[in-house]
Amino acid sequence: MKALLIRDLRLAVRAGGGFGLALAFFLIVVTLVPFAVGPQPEVLGEIAAGVLWLGALLACLLSLDRIFALDYEDGSLELLATAPVPMEGAVSVKALAHWLTTGLPLVLAAPVLGVLLHLPGPGFLWLTISLAVGTPALSVIGCFGAALTVGLKRGGLLLSLIVLPLYVPVLIFGAEVARRGVDGLAVGTPLALLGGLTAGAVALLPFAAAAAIRINLR
Amino acid sequence: MSIWEYANPVKFMATSGRILPACAVLAAVVTLVGLGWGFFATPEDYKQGATVKIIFIHVPAAMMAINAWAMMLVASLIWVVRRHHVSALAAKAAAPVGVAMTLIALFTGAVWGQPMWGTWWAWDPRLTSFLILFLFYLGYMALWAAIDDPDTAADLTSVLCLVGSVFAILSRYAVNFWNQGLHQGASVLRAGAVTGSDTEEKVSNVYALPLFVSMAGFFLLFLALVLMGTRTEIRARRIKALEARARMADA
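Note that the protein sequences, when read in sequence, are chains A and B. Under my numbering, the residues of the first sequence are numbered 1 to 218, in order. Under my numbering, the residues of the second sequence are numbered 219 to 469, in order.
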């Protein structure tokens, strides 16, 4: 499993696998927002937390179809299925690799981009914390969606249609934590719910994703 | 006699062929009685005027929109556990009906909301979660349409339906948390639904009785449409099998 993780990380960094692509996309979304809503600092500061969460979510979505598609095409997914590692474990490792190459950079970049959107001072800490807690759930849910659509030609659009509704609860609680952080309100409840959501998704969804992959490889 | 023998497509076709006409006629009659009673034989509300009568379409459609997904969940579970093809096809047939009911509920809600709340749409928990339910239906149907092999499609959509149900419920409560809204709480099926006295929180019997008839009508309508859709799916699959066999014979 460790070998698989290292292999996935290497592939992401080396093979033009778009390690920085999600980050660049995130940057572009954030750059476009002021053009759409106007450059007034008060307006931007008001919506910054929500926009940053939405941008991170979309950037994460962008890289999902890479999780299994390449392995499916060159046959290594079938090798994985026959490997002594259970499929659930392999899926979890792949989700972890996706989070390390996409989610974690987004978490680290969000405060920097927050400056561009005039995010109010107290928001930075809670934005980072909420993204750190929430993005693993995005990776795992996305991994499930990618597993469902792996056998399909041009499944990218379908993948978004399936995954985005599943992202709703994570987005609600995550953005709520960041928004309350900006306003200096108590963040305990949404943060606990977000953490519960992530824990539940990480615990259960690999089983669904592994089932979907087994069906697709049949 | 076990209920599972209806999982045999031949047996299902024979039985549903007998039930379907009766079910369709009954659905039409009950729906027409419910709607006719509701539209023409109830008084106008003291506050809402004639617009209150939208309730006779809005509430049954919303009820069936949720129940259709629940039925799909049960049918998917049966497919996953016992692998009866009729069950998977019934789930497939229920999705378009469910999405239509969701649309009707959203549309009549907008038409009702405009004069009552002064807005076509509000980001209210109930409205928003219905919109999300609509998106879930779209994703589910798109996945069915995208996969060629029928068994793989049935398997994958079942997995999506199971996971989607969990997330649909999560979204429902997440949305509640996110915003408090305009929509009134449950006011039709409460303790003492018919016998209880009319209060602020309970819909008056004048409206409740035709509403129940209309709900029954929508339920029968759903049943008839799903039976019809399932029969169509079974026939489509038979045609495909025949065509494949013809091609084999030609080759």
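Calculated from the structure, these hints are not laboratory results. Ideal Cβ positions, reconstructed from N, Cα and C, are used throughout, including at glycine. It is possible that part of the hints are untrue.
So, partial list: chain A residues that the calculated Cβ filter (under 10 Å) puts toward chain B [as the list claims (entries may be wrong)]:
| no. | residue |
| --- | --- |
| 1 | T149 |
| 2 | L193 |
| 3 | G195 |
| 4 | V202 |
| 5 | A203 |
Outcome of the hint check:
1. T149: holds, 8 Å
2. L193: It holds, given that the least Cβ distance between L193(A) and chain B is near 7 Å, below 10 Å.
3. G195: Constraint on G195(A) not satisfied, violated at 14 Å.
4. V202: V202(A) check fails; min Cβ-Cβ to chain B is 14 Å, beyond 10 Å.
5. A203: With a closest approach of 12 Å, the A203(A) hint is violated.
In the structure shown, a violation is registered for the earlier hints numbered 3, 4, 5, in ascending order.
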